[in-house]
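**Student:** Sequence:
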Amino acid sequence: MTEAPELVIEFDRLRAEGPLDHRYEKLLNIQADLRITVGGREWFSQPMFPVVELAAAADRWLSRGGDFVFETMEAEESPFLWVRDEAGGCTVGAAWQVFEERRPLSREQVRNAWARFVDHVVEEVRVRLGVDARPLLSCCGPGA
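Numbering-wise (our numbering), the sequence shown opens with residue 33 and increments by one.
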């Protein structure tokens, strides 16, 4: 019997909330309802979230390693969402988290969940909006 994943990152209702002419518009205006569960419990939920901006930041983190610290131009809180590499795994946190998760999660499982999220964003943006999001992932930030 396989154990349920500790961390699941999902989204639905993908849509363009404005023009998509420039790179920063694609990063911020492609939005979806984001939901993250930890241990089967809803840990974070936010409608109209800039999922391409989050996927770009996660992709950079997956390439370089270390801690993941996400800041969005859509929120004042800083950092907005984070994954910290700790002895024995990773800890997660978010400005708008529903509950605090103190136990370390499996490093491999956390990285795999974020990699699946990035791949899913790229695929869904291509299929639903006709936009190739892969080039948006390879640069440094919204202003690049």
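Derived from the structure by calculation, the hints contain no laboratory data.
Be careful, since some hints might not be right.
Computed Cβ-Cβ distance ranges for the label pairs, DEER-style [as the list claims (entries may be wrong)]:
(1) Gly120 to Ser95: 21 to 27 angstroms
(2) Arg47 to Ala119: 26 to 32 angstroms
(3) Arg166 to Glu132: 30 to 36 angstroms
The structure presented is a predicted model; accordingly, all values stated were derived computationally and were not measured.
Yeah, the Cβ is synthetic: ideal placement off N, Cα and C, and Gly gets one too.
**Student:** Compare the structure with each hint and give your call.
**Tutor:** Hints, verified against the model:
{"no.": "1", "hint": "Gly120 to Ser95: 21 to 27 angstroms", "result": "23 angstroms, holds"}
{"no.": "2", "hint": "Arg47 to Ala119: 26 to 32 angstroms", "result": "41 angstroms, violated"}
{"no.": "3", "hint": "Arg166 to Glu132: 30 to 36 angstroms", "result": "34 angstroms, holds"}
Going through the hint list in order, the structure does not satisfy hint 2, though it satisfies all others.
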